[in-house]
Amino acid sequence: MSELTLMKGNEALAEAAIRAGCKCFFGYPITPQTEISAYLSKRMPKVGGVFLQAESEVAAINMVYGCAGSGIRCMTSSSSPGISLKTEGISYIAGADLPCVIINVQRGGPGLGGIQPSQADYWQVTRALGHGDFHVLVFAPSTVQEMADTVQKAFDLADKYRMPAVILADGLLGQMMEPVAFDEDAEIKMSDASNKPWAATGHKNQRKHNIINSLYLQAEELEEKVRKRFERYEQVKANETMAECYKTEDAEIVVAAYGSTARLAKSAVELARKEGIKAGVFRPITLWPYPVNELNEACKNAKKVLVTEMSMGQMVDDVKLALNCRIPVEFVGRTGGVIPSPAEILNKIKEMGGDK
Amino acid sequence: MPEFKRPHALCNVPLHYCPGCTHGIVHRLVAEVIDEMGIEGDTIGVCPVGCSVMAYDYFNCDMLEASHGRSPAVATGIKRANPDKFVFTYQGDGDLAAIGTAETVHAATRGENITVIFINNTTYGMTGGQMAPTTIPGQITQTTPYGRNINVEGFPVKVCEMLSQLDGVALAERVTVIDPKSIMNAKKAIRKGFEFQKNKQGFSIIEVLSTCPTNWGKTPIEAIQRLKDEMIPYYPLGVFKEGAVR
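Residue numbers (my numbering), protein chains in the order written: chain F, 105 to 460; chain C, 216 to 461.
Hints were generated in silico from the structure; no laboratory data involved.
Be a bit skeptical, because a hint or two may be false.
Unchecked claim - 20 Å max Cα-Cα, derived SDA-like pairs, lysine to any residue:
no., chain 1, residue 1, chain 2, residue 2
1, F, K312, C, R221
2, F, K312, C, F455
3, F, K312, C, K415
4, F, K312, C, I254
5, F, K404, F, G457
6, F, K312, C, V228
7, F, K308, C, P298
8, C, K413, F, W227
9, F, K341, F, D263
10, F, K341, F, W227
11, F, K112, F, D263
12, C, K415, C, P428
13, C, K407, C, F370
14, C, K220, C, M252
15, F, K308, C, M252
16, C, K415, F, G152
17, C, K220, C, E247
Unchecked claim - Derived contacts from chain F toward chain C, CB cut-off under 10 Å, selection only:
no., residue
18, C128
19, C171
20, G175
21, A200
22, H307
23, Q310
24, Y337
What the hints assert, rightly or not - To be clear about the criterion: a stretch of chain C counts as covered by chain F if any three or more of its residues have a C-beta under 8 Å from a C-beta of chain F, and this derived list gives those stretches:
no., stretch
25, 228-235
26, 257-268
The C-beta atom is built at its ideal place from N, Cα and C for all residues, glycine as well.
Produce the complete structure using the sequences and hints provided.
Quick look at the structure:
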């Protein structure tokens with residue numbers, strides 16, 4: 105590994121994308137993700153990649169559809185309102201079984217909302233990032249280093265399962281600077297379509313023509329396609345969940361949080377521990393698939409679970425589902441771009457009976 | 216004597232188009248050009264939402280099916296990643312000039328090295344004949360039952376005239392396919408479009424005035440007459456812009 109460099113989360117993610125072989129980036133300016141575009145506009149031409157500023161979010165995601173359909177690793181990034189615009193394209197990408205990476209550096213909503221950090225797009229990304237029956241892989245980094253490290257994983261799993269992968273960050277992670285390390289010895293190698301026999305690359309008169317498509321007019325045929333895709337999702341659920349447990353071994357109160365909020369939850373848990381409260385943090389790194397087993401394991405001694413998010417409480421649904429309502433689940437959070445303080449989380453922990 | 220046979224770039228399958236529809240002729244011309252240039256193995260096509268939605272089953276080259284109006288963006292994504300491949304889109308008027316106007320205009324103004332085949336039949340064929348952006352004033356459609364009223368629905372979009380104002384456009388030409396002479400001329404225009412692309416000289420669009428007997432409520436012969444009498448006066452044939460942009 106190299107020496108540490110001080111970088112913004114957005115920049116670290118962008119650099120990591122190049123190192124993951126992302127050959128093409130298509131984006132549209134929106135705060136607070138713009139550094140991703142700015143960084144790649146400088147770097148891509150130097151490494152033989154493509155940076156293109158699209159005329160709209162809709163165009164950008166459709167450029168990704170075309171590029172991914174030709175078997176090339178590609179990415180787009182946006183923030184909440186822009187992601188809403190991309191959802192049509194994401195549905196087509198999922199329906200055509202194409203791999204790609206999509207970044208959402210979340211800001212407050214709904215509507216134009218605000219530009220401060222938020223986690224209010226959880227439902228959207230885990231439940232319905234477009235019309236129809238499908239899922240996307242969702243990763244939630246919580247440090248600048250993890251912003252970088254997650255990108256490689258996202259591209260690899262997107263390719264492996266032929267599905268879109270989303271990195272769900274927020275304005276805090278995107279804008280924050282932290283030391284980050286890259287493997288300086290690793291060669292930067294742009295992806296090609298050589299291991300993607302399904303891709304529309306031009307058949308070179310050597311095979312039948314490939315078709316990238318999501319249209320199936322026979323209901324039974326479409327059902328079969330969707331069923332096959334969901335069989336693949338079962339493999340993803342079985343093999344690809346990721347989570348971090350922090351002091352959960354003896355925890356009577358487990359605080360579940362992802363992304364930036366997980367860091368605040370850790371601070372709150374430290375304060376609670378100082379007061380003799382057995383608290384811990386469960387941090388899902390994959391939000392879809394949700395780390396159900398990991399959560400149950402983390403809660404083996406828990407009497408109560410507290411979910412904290414920068415929203416009105418969205419992940420709290422998945423926590424209740426994962427625990428099958430076996431343990432009482434409560435929520436504390438701020439929304440609209442307000443960042444909860446560790447003290448607010450601590451107060452809730454105490455209120456829940458963790459006060460000895 | 217040359218033998219008349221199916222171009223290799225056109226799959227040997229029955230097309231679903233209605234009797235008298237000109238899609239089949241245009242498909243054939245595109246396929247003939249691909250054959251003659253010997254580029255089938257290096258060509259990637261993008262088909263739209265509309266009557267030609269299933270063109271991916273008709274062209275023998277690799278194909279992508281785009282969402283409604285997004286073909287030029289999809290083609291851009293393919294072309295930027297694969298600058299040495301031939302990339303074409305095949306779009307109707309609703310797709311290209313209504314829901315996909317932004318994608319069309321911006322691919323054109325970027326001078327994207329792609330070739331756009333644009334079928335203008337002044338109606339939404341697949342959904343049953345609603346008003347299109349190219350529906351002529353006075354034209355009766357399912358959603359303009361009293362005729363297109365310019366005070367209510369406004370005016371049609373003249374795509375070649377509009378795009379010819381953009382610096383990125385190498386070729387904007389309007390043709391038709393209603394008799395042997397016009398068909399030969401349309402093929403020449405399509406070939407020109409692919410040649411501009413081959414030489415990386417900018418965006419090319421070939422607008423083909425086409426018939427839709429089913430939704431116009433006409434026989435194929437009446438439809439051709441309507442095209443001559445009503446469409447060509449409103450949408451004059453010819454080259455609106457031609458020349459390498461880079």
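Hint check results:
Taking the CA atoms of K312(F) and R221(C), the gap is about 17 Å. The hint holds against a cut of 20 Å. With a CA separation close to 38 Å, the supplied pair K312(F) and F455(C) exceeds the 20 Å bound. Straight-line distance between C-alpha atoms of K312(F) and K415(C) comes to about 27 Å, which puts the hinted pair past the 20 Å bound. The straight-line distance between the Cα atoms of K312(F) and I254(C) is roughly 15 Å, inside the 20 Å bound, and the hint therefore holds.
At most 20 Å may separate the alpha-carbon atoms for a hinted pair to count; K404(F) and G457(F) meet this at roughly 18 Å. Distance hint between K312(F) and V228(C) is fulfilled; the C-alpha atoms sit about 14 Å from each other, no more than 20 Å. Of the pairs offered as hints, the one joining K308(F) and P298(C) holds, with about 15 Å between alpha carbons and a cut-off of 20 Å not exceeded. Proximity of K413(C) to W227(F) is assessed by CA-CA distance (about 46 Å); at most 20 Å being required, the pair is judged violated.
Proposed proximity of K341(F) and D263(F) is supported: the alpha carbons are some 16 Å apart, at most 20 Å. Proposed proximity of K341(F) and W227(F) is supported: the alpha carbons are some 18 Å apart, at most 20 Å. About 27 Å separates the Cα atoms of K112(F) and D263(F), which puts this hinted pair outside 20 Å; it is violated. Pair hint K415(C) plus P428(C) does not hold up; C-alpha atoms about 38 Å apart against a cutoff of 20 Å.
Distance restraint check for K407(C) and F370(C): the Cα-Cα separation of roughly 30 Å exceeds the 20 Å cut-off, and the hinted pair is therefore not satisfied. For a cut-off of 20 Å, the pair hint linking K220(C) to M252(C) stands: about 17 Å separates their Cα positions. The straight-line distance between the Cα atoms of K308(F) and M252(C) is roughly 14 Å, inside the 20 Å bound, and the hint therefore holds. Under the criterion of a C-alpha separation no larger than 20 Å, the hint pairing K415(C) with G152(F) is consistent with the structure, at around 18 Å.
Annotation: proposed proximity of K220(C) to E247(C) holds, straight-line Cα distance about 10 Å (limit 20 Å). At about 5 Å, the closest approach between the beta carbon of C128(F) and any beta carbon in chain C falls short of 10 Å, and the interface hint on this residue holds. Hint status for C171(F) relative to chain C: holds, with the closest Cβ pair at about 4 Å, below 10 Å. With 10 Å as the threshold, the beta carbon of G175(F) comes within range of chain C, its nearest partner Cβ sitting at about 8 Å, so the hint holds.
At about 8 Å, the closest approach between the beta carbon of A200(F) and any beta carbon in chain C falls short of 10 Å, and the interface hint on this residue holds. For H307(F), the interface hint holds, since its Cβ comes within 10 Å of a Cβ in chain C; the closest pair sits about 5 Å apart. For the restraint placing Q310(F) at the interface with chain C, the shortest Cβ-Cβ distance is roughly 7 Å, inside the 10 Å limit, so the hint holds. Nearest Cβ of chain C to the Cβ of Y337(F): about 23 Å, over the 10 Å cut. The hint is violated.
Figure legend: the stretch 228-235 of chain C, annotated as covered by chain F; annotation inconsistent (0 residues with Cβ-Cβ distances under 8 Å, at least 3 required). Check on the stretch 257-268 of chain C: 5 of its residues sit with their Cβ under 8 Å from a Cβ of chain F, so the three-residue criterion for coverage holds.
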